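Chain A is fixed; fit chains B and C onto it per the hints.
From first to last, the protein sequence lines are chains A, B and C.
Per this note's numbering, residue 94 is the first one in the first sequence, and the count goes up by one each step.
Per this note's numbering, residue 20 is the first one in the second sequence, and the count goes up by one each step.
Per this note's numbering, residue 10 is the first one in the third sequence, and the count goes up by one each step.
No lab work stands behind these hints: they were computed from the structure.
Among the hints, erroneous ones may be present.
Straight-line C-alpha distance at most 20 angstroms; calculated DMTMM-like pairs for lysine to aspartate or glutamate [as the list claims (entries may be wrong)]:
(1) B:436 <-> B:376
(2) B:50 <-> C:198
(3) B:460 <-> A:154
(4) B:81 <-> B:57
(5) A:99 <-> C:168
(6) B:197 <-> B:246
(7) B:425 <-> B:440
(8) B:33 <-> C:147
(9) B:29 <-> C:162
(10) B:23 <-> C:169
(11) B:187 <-> B:164
(12) B:129 <-> A:363
(13) A:102 <-> C:148
(14) A:117 <-> A:137
(15) B:272 <-> B:104
(16) B:34 <-> C:162
(17) B:29 <-> C:145
(18) B:50 <-> C:145
(19) B:50 <-> C:162
(20) B:105 <-> A:277
(21) C:258 <-> B:104
(22) A:349 <-> B:139
(23) A:159 <-> A:145
(24) C:252 <-> A:330
Owing to the predicted nature of the structure, the values given are computational and were not obtained by experimental measurement.
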Amino acid sequence: MPFTAKSGKFNASIKAVTIGTGDKAITIGGENVLPFYTFDAPIENAPKVGVEITDFGMENEPECIKKYYEGCTTLAEIAKKAASFEGVDFLCFRMEGGDPNGANKSTEELIAALKEVADAVDLPLVVSGSKNVEKDAELLTKAAEALQGKNAVILPAREENYKTVGAAAGLAYGQIVGAESSVDINLAKQLNVLLTQLGVNASNIAMNVGTATAGYGYEYVASTMQRVKAAALSQNDTQLQMPIITPVASETWGVKESITSEADIPEWGDQERRGVDMEVQTAAADLACGSNAVILKHPTSIATISKMIKELI
Amino acid sequence: MALKGLDIFKLSPKKNCKECGSPTCMAFSMKVAQGAVDISACPYFSEEAKAQLSEATAPPMKTVKVGTGSEEFSLGGETVLERHEKTFVSKTRYAAFVCNCMDAATIDAKLSQIPAVEYERISEKMYVEMIYVNYAADGQSDYVELVKKAAALGRTMVLGCTDVEVAKAALAVCKDSKPVLNGATPDNYEAMNQVAKEAGVVLGVSGANMNEIYDTVKALEAAGNKDLVIDTTGATIKETFANTVQLRRAAIKDGDRSCGYPSIVNLRKLAKGDMHLQSALAAVFTIKYGSIVVMEEVTYAEALPLFGLRQNIFTDPQKPMRVEPGIYPINGGDENSICLTTVDFALTYFLVSGELERSGVPCNLIISDAGGLSVLTAWAAGKLSSGTIEKFWKEQDIESKIKSRKLVIPGKVAVLKGEIEAKLPGWEIIIAPTEASQLVKFLKDM
Amino acid sequence: MAKFITIGERLSTTAPAVNKAFTQRDPEPIIQRAKQQLDAGATYLDVNIGPAESDGEDLMKWAVQLLQSEFDNVPLALDTSNKKAIEAGISVYNRSKGKPIVNSADAAGRIENIDLAAANDAIVIALCNGEGIAKDNDERMGYCQMLLERGLEHGMEAEDLWFDPLFLVVKGMQDKQMQILECIKMFSDMGLNSTGGLSNNSNGMPKHIRPIMDSAMVAMAMMQGLTSAIVNPNDTRLMETIKSCDVLKNNTLYADSYLEI
Numbered sequence: 094m095p096f097t098a099k100s101g102k103f104n105a106s107i108k109a110v111t112i113g114t115g116d117k118a119i120t121i122g123g124e125n126v127l128p129f130y131t132f133d134a135p136i137e138n139a140p141k142v143g144v145e146i147t148d149f150g151m152e153n154e155p156e157c158i159k160k161y162y163e164g165c166t167t168l169a170e171i172a173k174k175a176a177s178f179e180g181v182d183f184l185c186f187r188m189e190g191g192d193p194n195g196a197n198k199s200t201e202e203l204i205a206a207l208k209e210v211a212d213a214v215d216l217p218l219v220v221s222g223s224k225n226v227e228k229d230a231e232l233l234t235k236a237a238e239a240l241q242g243k244n245a246v247i248l249p250a251r252e253e254n255y256k257t258v259g260a261a262a263g264l265a266y267g268q269i270v271g272a273e274s275s276v277d278i279n280l281a282k283q284l285n286v287l288l289t290q291l292g293v294n295a296s297n298i299a300m301n302v303g304t305a306t307a308g309y310g311y312e313y314v315a316s317t318m319q320r321v322k323a324a325a326l327s328q329n330d331t332q333l334q335m336p337i338i339t340p341v342a343s344e345t346w347g348v349k350e351s352i353t354s355e356a357d358i359p360e361w362g363d364q365e366r367r368g369v370d371m372e373v374q375t376a377a378a379d380l381a382c383g384s385n386a387v388i389l390k391h392p393t394s395i396a397t398i399s400k401m402i403k404e405l406i
Numbered sequence: 020m021a022l023k024g025l026d027i028f029k030l031s032p033k034k035n036c037k038e039c040g041s042p043t044c045m046a047f048s049m050k051v052a053q054g055a056v057d058i059s060a061c062p063y064f065s066e067e068a069k070a071q072l073s074e075a076t077a078p079p080m081k082t083v084k085v086g087t088g089s090e091e092f093s094l095g096g097e098t099v100l101e102r103h104e105k106t107f108v109s110k111t112r113y114a115a116f117v118c119n120c121m122d123a124a125t126i127d128a129k130l131s132q133i134p135a136v137e138y139e140r141i142s143e144k145m146y147v148e149m150i151y152v153n154y155a156a157d158g159q160s161d162y163v164e165l166v167k168k169a170a171a172l173g174r175t176m177v178l179g180c181t182d183v184e185v186a187k188a189a190l191a192v193c194k195d196s197k198p199v200l201n202g203a204t205p206d207n208y209e210a211m212n213q214v215a216k217e218a219g220v221v222l223g224v225s226g227a228n229m230n231e232i233y234d235t236v237k238a239l240e241a242a243g244n245k246d247l248v249i250d251t252t253g254a255t256i257k258e259t260f261a262n263t264v265q266l267r268r269a270a271i272k273d274g275d276r277s278c279g280y281p282s283i284v285n286l287r288k289l290a291k292g293d294m295h296l297q298s299a300l301a302a303v304f305t306i307k308y309g310s311i312v313v314m315e316e317v318t319y320a321e322a323l324p325l326f327g328l329r330q331n332i333f334t335d336p337q338k339p340m341r342v343e344p345g346i347y348p349i350n351g352g353d354e355n356s357i358c359l360t361t362v363d364f365a366l367t368y369f370l371v372s373g374e375l376e377r378s379g380v381p382c383n384l385i386i387s388d389a390g391g392l393s394v395l396t397a398w399a400a401g402k403l404s405s406g407t408i409e410k411f412w413k414e415q416d417i418e419s420k421i422k423s424r425k426l427v428i429p430g431k432v433a434v435l436k437g438e439i440e441a442k443l444p445g446w447e448i449i450i451a452p453t454e455a456s457q458l459v460k461f462l463k464d465m
Numbered sequence: 010m011a012k013f014i015t016i017g018e019r020l021s022t023t024a025p026a027v028n029k030a031f032t033q034r035d036p037e038p039i040i041q042r043a044k045q046q047l048d049a050g051a052t053y054l055d056v057n058i059g060p061a062e063s064d065g066e067d068l069m070k071w072a073v074q075l076l077q078s079e080f081d082n083v084p085l086a087l088d089t090s091n092k093k094a095i096e097a098g099i100s101v102y103n104r105s106k107g108k109p110i111v112n113s114a115d116a117a118g119r120i121e122n123i124d125l126a127a128a129n130d131a132i133v134i135a136l137c138n139g140e141g142i143a144k145d146n147d148e149r150m151g152y153c154q155m156l157l158e159r160g161l162e163h164g165m166e167a168e169d170l171w172f173d174p175l176f177l178v179v180k181g182m183q184d185k186q187m188q189i190l191e192c193i194k195m196f197s198d199m200g201l202n203s204t205g206g207l208s209n210n211s212n213g214m215p216k217h218i219r220p221i222m223d224s225a226m227v228a229m230a231m232m233q234g235l236t237s238a239i240v241n242p243n244d245t246r247l248m249e250t251i252k253s254c255d256v257l258k259n260n261t262l263y264a265d266s267y268l269e270i
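Chain A on its own, in the form it takes in the complex (with noise of 0.2 angstroms):
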């Protein structure tokens, strides 16, 4: 007697949204099926890949991932060759420096710089913001606009702030608007309804629903990831439909297992082999939950997951 799977395709699927422009562009979503479950049916749209880069350039990175970008001085020089690594589909910004409690850089120094990589690079773009939530009002309207006809995310509009980041990417300036919602899946649908209702079309928004480290109290961005998906499949959720990007390295580069020197803790090994495996375990863990997109930082990585994505779709 032959196994006889049942089929698990849905009759609703993810929307898909498309980022960036000409040949480079990537489309994220469009699925009627779990993630991976190409048994199912087909996936068209691979989850993507992006590298990440910040403001301060290679000032506050661990020296396993400076070495890959050896020689190079501007930002212009370290988006190129951040562009250049194997498996990488687009590129993140993520003006950091902008935090009123950190660095406190002005919008007009972070939106030169974000120009400057702009310019750069071919690969769509993501922007995200610096964590605050008044300065990110002011800095993402003015990367919306530096972007324009980028057609590139712009991450994070949050509840506090949604009506001016929305408005400013989703409507004056066409870009993607990036809803996040730091694993409340309730806010996550909240936000989905709010930014349509403001006229942002449905279409033009991804959602970051959450993040953590594997070990990290990784259960939560498990479960909004896989009821995200639950809802918007199985009950067909219009208003969670949206693709997922979740940031990956930003968090897995600050835990200990990632940070500490082998000299420090002799028996952990090498510290490089250590940090790429927390942002590879977390980055697959995040896609077998649900995530459309992850954000990495360490070319190892990069191309391990894009090798990963590449083996199962």
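Just chains B and C now, with coordinates in the frame of chain A:
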């Protein structure tokens, strides 16, 4: 799985004879489904129908036990497909790979690597729990000797061996430790089943594709063996993922009992030496239905994220994860270092301790018993108050262990400052920022 | 659990304006009423053309094509005692948004509508009623079994039979209300889908009372496991109650704006 009245009704005689005391067969079926009446009250239900019903009420997935003593593990027994529906009950177990195809030096190196990984994380001992001992017909080392060596490490073993005689010989030296015999194929399952039965061990089934595996499982079930695991490893990563997911889904969702067995996923065959790819796949199969995941090696690089991920995924969604209350010195903190306190909710602990480590400032993180709740929830529930802190200070005799008299309290409970000062005389109470991410700057500026 | 399914009842020949539009094949009033109901959140629209003995087939085809072309293949319940009209309607029906519903079969004269639904892969509303109102739930469940068996014999999936307990009017049959609610629980325990003309309960009550009574009824019935109802979707209070119950039953994810979507 609870049966609906409809499932029972479909098998009922539909005579409406009322002999059972119910007006119709449908009413009777409903009562049986509710457990109000036993099915035997109906004289006309066929034996076959009753057998079908008892099959349908059996758990969707077998729980299989392997190993002995402290190394005994339950595999399988899951009732849901995603962890938010109900807790996953049997953790994924990772097995390090050795093979008689390796030379003696490699084998020794591999085996010595296994006990090298051992640490504790949130009250759970983390170590490589299983060893996969593979047999290759053209291997250069003696398989039985290899099994003996591996057994000496005290881990539960999986014998990957499709040769009946060799398997018999290997089990002769290790069957008491209850290893898994991953050896049944469509060609040898009858003989292999005898070997497994005689040794009293769980049998692993593999095949070229799902149809072969399914047929072999059916044949083994017919021969009376349901102590099985299924090796879902296919020729490619994609095929393996499909096999593993479809098998679990057929068991849990569609109630196909012949699919309801734990899985073995052999990443060594799939990652082909790419250790980072193996790492990524181990994470995927931890989330998607790997019961035993076989890895070429498990060093700290793989273990640190993987065991953490597993701890998260297999935690009870209703119960928060807690860390043990106590004093945690950070960055070489000693009795003179500044103290900070927060709750025992694991997520809070990790966020705070991570930021403290990043600051590089030597300090003591004092975790009090707050019922595993987050700061504000614990405060609202009365589990983080001046009273609880005072009590904890006494229980743990903090003042004799620590000379510093500076205590930083969470910014979210700044209101407690005055009360704590009153209850802990001599202590300077300092209010932390409200977000953990601001701690680095805060400590450096102090 | 799936979301509660509402079947909008306002396209009915009992409304003079609709009757006139049907007779004159005037699309405007039909489209207007359909749009009002869909905007208010109706899933299905009921198309009640009455007995339509003379031109039922033509009328039903016209109505199905009109509504489905105007509203992106909106799923419909075809409501008439004229079997040929139902078949004609199904012959031009596009099922991309949901199977057609045959409204309705009962355990007496209209039991053959089950066969009709089975032959056309349609959903059927199965009214647990024979001649006259059932005296108790034993009788209702007897009809339920008869209808279910008939459907299964003809190859239907049980989920395509939506059982209707027949909601009764409070003014006159107040003592029967709990019986109806218990009957819904029995359907639900059996794993069966259910529906019904919910607003029957408030027939004859003052106009301002009816939404209140209907809302209370739908909440209690959903608690018992009712999966669908034939309702006036433009009754805001009723629709808000249904949406709230869907949240409480975890049929849909809560968001602060849940009433607006």
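Violations among the numbered hints: Checked against the structure, the hints that fail are numbers 1, 4, 13, 17, 19, while the rest are satisfied.
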